[in-house]
Amino acid sequence: MRTSHLATRAGAGGPRYPGWLVLPAVGWYVVFFLVPLCFIAVTSFGEVVGFSDIAYTWTLDNYRYLWDDFFGEFHLYRDIFLETLKLSVIGTLSTLVIGFPLAYYIARYAKHKTLLLLLVIVPFWTSFLIRAYAWLIVLDPEFPVFRALGLSGFMERHEILFTPNAVYIGVAYNYLPLMVLPLYAALERIDWSLVDAAQDLGDPPWRAFRRITLPLALPGVLAGSLLVFIPLTGEYIIPVILGGNKAFYAGNLIAQQFLESGDWPLGSAIAMVVIAALTVALVVYARALGRSEQHS
Amino acid sequence: MNGRRLLGGYAILAYIFLYAPIAVVVVFAFNGGRDVLYWQGFSTKWFEVALKTPEITNALKFSILIALGNALVACVLGTMLALALPRMRPWLRTPIDALAYMTLVTPEIVFAIAALVFFVQAGKRLGIESPLGWHTILIAHVVFNASVVALVVRARFVSMGQTLEEASYDLGAGPFSTFRQVTLPRLAPAILAGGLLAFTFSFDDFITSFFVTGTDSETLPIYIWGQLRFGVTPAINATAAMILAFTLVVVVVAYLVLRRSGQERESGALPGV
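As you go down the protein sequences, you meet chains A and B in turn.
Positions 84 to 379 (the numbering used here) are the ones given, in order, by the first sequence.
Positions 6 to 278 (the numbering used here) are the ones given, in order, by the second sequence.
No wet-lab data here; the hints were simulated from the structure.
From a predicted model like this one, the values you see are computed outputs, not experimental measurements.
Just so it is clear, CB atoms sit at the ideal spot from N, CA and C, and this is done for glycine as well.
Errors might be hidden in some of the hints.
A partial selection of chain B residues facing chain A, derived with a Cβ cut-off under 8 angstroms [as the list claims (entries may be wrong)]:
{"#": "1", "residue": "Ile21"}
{"#": "2", "residue": "Tyr24"}
{"#": "3", "residue": "Phe33"}
{"#": "4", "residue": "Met93"}
{"#": "5", "residue": "Trp96"}
{"#": "6", "residue": "Ala103"}
{"#": "7", "residue": "Val122"}
{"#": "8", "residue": "Leu156"}
{"#": "9", "residue": "Leu233"}
{"#": "10", "residue": "Met247"}
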């Protein structure tokens, strides 16, 4: 009610900052963001001539190549895309599982909320590369703590470093703050006397949690999931540092076309497929969300 | 009560998880040997090495300059956007909003290669010999950081209400003097916060910089990446430790300042005046 009232008032004219103020930013977005995206859309229909020149021939070959792979015998690229989906889902779920109790504790019980929240953000402000590199040391079988505990042999047998598992750990670690912040923002607004009331009226704690806390925390869960899931679909850094040769995802595939193979048209086509898949996933997600809201 | 204690214990474990790997990096910055895995006695020599390696200091200076320039441009563009958007007609506002959000949610690798293709092709068309360099990094960073600033500033601008701006307009002030005398003083903390975020994102950015950089422009993350691929020395740990210490000082100062201004607002200052 209140927002609609404000909205009509805002729409009804009155003094305001002039609209042309948006022009520099919008111009910047259009020239350096939208146009470049159109460039890769166009490039994806091109082909390589000579060493690195691109001919814009409007060929469908790059997409046909990917199509044949996806639905043909070899499905090398399809597997990479499925692995990317798996990485994004595992990363989202693990940060949610690790982050929720932490956000819950800070929001409901902690005395120095701002300080504890800052402590979650500080690692996020440390270099992303350094945080991935830290696990390169910590997961090494020769890491002094493992040697001191006599676990080096155990670590070597159950190899973790340079496998997808190392990538999952690195992802959970690097993306945790992105999940905790929106979770905290949602949990912090909850009136905990509601939960107490439910328990006083006979709900066991888990049911009070399911019926009151969880629905109220849902916006935070959804926001955090998007913040983690979307960048993970293009994750490039962590697999290179922690995954060795055994972990390869869509982001690495795109980078490979541009850095090593020099096949920019194919790399552009793969990027377009990532964007298309992401758009479809987000639309499905939004639909499912709308439906679940209608039900409740 | 029991659940509370359990969660408290869990929170401690979570903070250990968050900080132990960083602590390991910092501890090995003080390693006497060349290896990052074998402890060979305490030494501060790697800090000296890091500070005397021109590649590191140059990359650091370059990163700071790019991050500062980016924060400045992003603050101007983002604040202008944040001031005009809230009162725009929906049919104009919605697509601009969507565009700003798109710059934040597009996977970075996709934007990075798009920017690369764009700069190279534009350079060819315009006949520029080597189109990539510090300016392309700066341009690309501003794209998503303008949105970051706009997001932060707009939230504050909308929540503080605009009655004072209306009064200022009614009294005959134009948009420029209204901004300088009424809006800017109240919006300054939000603009500063947005600028700090923009600085951090740019300073820490690797993927975008890596793809649109030229041969002579190396940011600190690009340098670190090269070291990670081809053999690390504790000098990297020392660099990371110094950056971390710097970050911590800034955070603590910001926290104390915010807490003090928050207390002042609660104890003094009449509400609504």
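Hint-by-hint comparison with the structure:
For B:Ile21, the interface hint is violated, the least distance from its beta-carbon to any beta-carbon of chain A being 11 angstroms, above 8 angstroms. Residue-level restraint check for B:Tyr24 holds (minimum Cβ-Cβ distance to chain A is 7 angstroms; threshold 8 angstroms). With a least beta-carbon distance of about 7 angstroms to chain A, the hint placing B:Phe33 at the interface is held under the 8 angstroms criterion. Interface restraint check for B:Met93: the shortest CB-CB distance to chain A comes to about 6 angstroms, inside 8 angstroms, so the restraint holds.
Taking 8 angstroms as the C-beta contact cut-off toward chain A, the hint placing B:Trp96 at the interface is violated, the least distance being around 11 angstroms. The beta carbon of B:Ala103 is not positioned within 8 angstroms of any beta carbon in chain A (closest approach about 10 angstroms), and the interface hint is therefore violated. For B:Val122, the interface hint holds, since its Cβ comes within 8 angstroms of a Cβ in chain A; the closest pair sits about 5 angstroms apart. A least Cβ separation of about 12 angstroms between B:Leu156 and chain A goes past the 8 angstroms threshold, and the interface hint is therefore violated.
Because the smallest distance between the Cβ of B:Leu233 and any Cβ of chain A comes to about 6 angstroms, under 8 angstroms, the interface hint for this residue holds. Proximity of B:Met247 to chain A is violated relative to the hint, the smallest CB-CB distance being about 11 angstroms (cut-off 8 angstroms).
Hint compliance for this structure: hints 1, 5, 6, 8, 10 are broken, all remaining hints hold.
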